[in-house]
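The lines below spell out each chain.
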Amino acid sequence: MPLVRISHTPGKSDAQLTAISDGVHKALITTFNVPEDDRFQVLTEHASGKGIVAPAEFLGIDHGDDMVFVQITCSEGRSVEQKKALFDGIVDNLAAGAGLRREDVIINVVETRPENWSFGNGGQPFAAN
Amino acid sequence: MPLVRISHTPGKSDAQLTAISDGVHKALITTFNVPEDDRFQVLTEHASGKGIVAPAEFLGIDHGDDMVFVQITCSEGRSVEQKKALFDGIVDNLAAGAGLRREDVIINVVETRPENWSFGNGGQPFAAN
Amino acid sequence: MPLVRISHTPGKSDAQLTAISDGVHKALITTFNVPEDDRFQVLTEHASGKGIVAPAEFLGIDHGDDMVFVQITCSEGRSVEQKKALFDGIVDNLAAGAGLRREDVIINVVETRPENWSFGNGGQPFAAN
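Sequence lines, in order, name chains F, Y and B. So the first sequence is numbered by this note's numbering: it starts at 17 and just counts up by one. So the second sequence is numbered by this note's numbering: it starts at 17 and just counts up by one. So the third sequence is numbered by this note's numbering: it starts at 17 and just counts up by one.
Since the list gives no way to pick one copy over another, a pair counts as held whenever it fits inside one copy or between any two copies.
Pairs of lysine-lysine residues, derived as BS3-like cross-links and limited to a Cα-Cα distance of at most 25 Å, are as follows:
1) Lys66 with Lys42
2) Lys42 with Lys100
3) Lys28 with Lys66
4) Lys42 with Lys28
Source of the hints: derived by calculation from the structure; they are not laboratory data. Since we're looking at a predicted model, the values are computed, not measured.
Take the sequences, apply the hints, and build the full model.
Here it is in structure tokens:
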């Protein structure tokens, strides 16, 4: 049940955008046990330095002008270790598949209660009984 | 105090966009007891399949190429039943008012503390005493 | 570790956009003790009344057609007083630096666990030990 917002810079090819979209989703499948068909994403393009703002360096990691921000809203319940595995997996996939620099992938997870989701037709498929 | 992000595909008429905006807000009024004047929304357009990514089917519900994602950030305190009523109300309103397929409306609620809001002029109108 | 989404209307000069971006960040430094280099923002432009929807008045505060919505996702741990200081600081900075009306600045904070962030190269720099 993640809703993923991916903010990227202009000039990406369709193949790169697909690789970014796929790479985030595959990491969610592998590390958060998200079903393959549970894929809801919004990708948006923003000019570097104006739309997407990032520091030249933070925590000893330098950033270029091709940043990608990935913000994932999902239900609570994943462990600290699962989150680390997710972050590592996303970075691995986006570097290998889309040619991004590993330093330029910023990720954040926002957690909600399971009853906070509806996936068409109304209703609340993941509310606890 | 909701902040609502509505992501939709291109090609919608002004009347449809108004119906989507109104339909989400009316459901918040009815089910979450949001005041009529407490209406803060951001609507954004995204190409289907590229900007907005959704699966052909999830949980037995099929999705078309005219998806609408509604993400609502609001203060905590609503019951599970209120959330279900919200989801049902949004879907009813968007189907009736904007001609959307009921299957194509995806909704997520993110909850925050009441002191996390400011509605102009600074300050923190909903902080607990 | 904030991720800041700033939604504004069209027609802003580069100097105004820089002042908005700077003004939000400086308030985070001053009130939330965010490091200067911990600056990750996404600025997006939306037509007034269609992309950005706000009421003419809410809580006795009137709104114009040049609204700015600031949504800040950050780690939990700030006090109610720190949040109020943040809101006041943002409004002061955006009025003074970008010429915005104080009434037209809407702010929301979303809090997450510290392990929910990755700032390049994968990993989880703020996970508790």
